[in-house]
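Q: One letter stands for each residue in the lines below.
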Amino acid sequence: MTKPLVATGHFTGCFGCHMSLLDIDERILDLVQLVEFDKSPINDIKTFNRPVDIGIIEGGVSNSENVEFLREFRKYCKILVAIGSCALTGGVPAMRNTVPLKECLQEAYLDGPTIVNGVIPNDPELPILLDRVYPCHEVVKIDYFLPGCPPSGDTLFNAIVALLKGDALALPYELVKYD
Amino acid sequence: MSKDAVTFTIDGVEVKAKPDQTIMEAADAAGIYIPRLCYHKDLLPGGHCRVCTVRVNGRPANACTFPVNSGIVVENDTEELKALRRDIIEMLFVEGNHYCPSCEASGKCELQAMAYRLELLTPQMPYAWPKRELDATHPDVYLDRDRCILCGRCVRASVQLDGKRVFGFENRGAQKRIAVDSATGMGDTDLSAKDRAASICPTGCLTIKRQGYLTPVGKRPYDKVPIGSDIEKKQAAG
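Protein sequence lines, in the order shown, are assigned to chains L and X.
Residues in the first sequence are numbered consecutively from 1, following this note's numbering.
Residues in the second sequence are numbered consecutively from 1, following this note's numbering.
Misleading hints may appear alongside valid ones.
As a list, the in silico EDC-like pairs of lysine to aspartate or glutamate whose alpha-carbon atoms are at most 20 Å apart [to be verified]:
| # | chain 1 | residue 1 | chain 2 | residue 2 |
| --- | --- | --- | --- | --- |
| 1 | X | K224 | L | D154 |
| 2 | X | K131 | L | E107 |
| 3 | L | K141 | L | E68 |
| 4 | X | K224 | L | D179 |
| 5 | X | K209 | X | D146 |
| 6 | X | K224 | X | E104 |
| 7 | X | K16 | X | E232 |
| 8 | X | K233 | L | E174 |
| 9 | X | K108 | L | E174 |
| 10 | X | K224 | L | E174 |
| 11 | X | K219 | L | D154 |
| 12 | X | K131 | L | D131 |
| 13 | X | K219 | L | E174 |
Not close to chain X: a few residues of chain L, all C-beta gaps over 10 Å, as computed [as the list claims (entries may be wrong)]:
| # | residue |
| --- | --- |
| 14 | M19 |
| 15 | L29 |
| 16 | P41 |
| 17 | C104 |
| 18 | L126 |
| 19 | L163 |
Everything labelled a hint here was simulated from the structure, so no lab data went into it.
Idealized CB from N, CA, C, for every residue including glycine.
The shape of chain L in the complex, shown without the other chains:
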């Protein structure tokens, strides 16, 4: 029997959730026994070319590229798990949500106290910013949520193993945190 395929992805956030995934320490050896990693920043596979069993995504959705990749994750992953505050709520990047985008750009690139001859970046290569930062579930359907900033290594390991075994996910109280 072939091993289940796992993909991981990162949108608008700090990569802390992926760091936390590495924080499962030597259990990562158990994990690679259980699964095969497909598209992921961990192995630098950049594109999907086959269906994947479990997709794990961190980060909120703040620009056109995030939307495109998130939709791709939904298309290729049978189960999509959102992890961490940014994916679940928009997180710290969503602090811009109460300020109009134009004002954010103006302050960051034109009016800030350290800016000389500022210009708002407009290279066509750059993804277009959205009006605000969206949690992943407001863009595609998400099957499971794991809160935390980041979720601890224990939280991620327990959840992934439960998902692979088809067990009910029963995380102890101290592993479910919003921060």
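Dock chain X against chain L, hints included.
A: Leaving out everything else, chain X in the frame of chain L:
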């Protein structure tokens, strides 16, 4: 217990209470925890948040304001009420701007703790992202309305415990917000950081300056045990 004590049940458990107690007070004394947010034992109940909704003889009622009565049948720890309370907590999260990872109240916040207790993994209702005003004019206390859940604890504490009138509500409906007793900001009110009103906020809306993040993660009140454990411990101890 005087001879005019009343007896009633909460989830089938017999509870004895004084006739002038509310369901909440009697439950607390008996070591039964009823989830709550706007209630505080040192304040008159406000009945604002409805998290403490129980069924009394089948009808929904606020445990914090409903007086005990002999023979009433109270339902508290049921799946239905848990789901209802979880919905209230979820609505409070999406209608404010609650950034838990960067909030100094995280770990001691009663809104967050209630979400943990009621097993809300994440709010999924649409976020409102309201524009709320921050008031940092006071030398010792912040008022960050992003985090306000309109529980009115500060309003009640200022009047009932501090003998002042620093806080009040203004506007109605979605525009309702906490106001301070000065047009120029909280710095021009007679609020002191020592006032009970300054530290009775269940969230991080009112916080004392220069006190944030003093308790390390892992040692904060709700890191290891759910909110209400102190009340339930009384029951376990007999």
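Q: Sort out which numbered hints this structure fails and list those numbers smallest first.
A: Violated hints: none; all satisfied.
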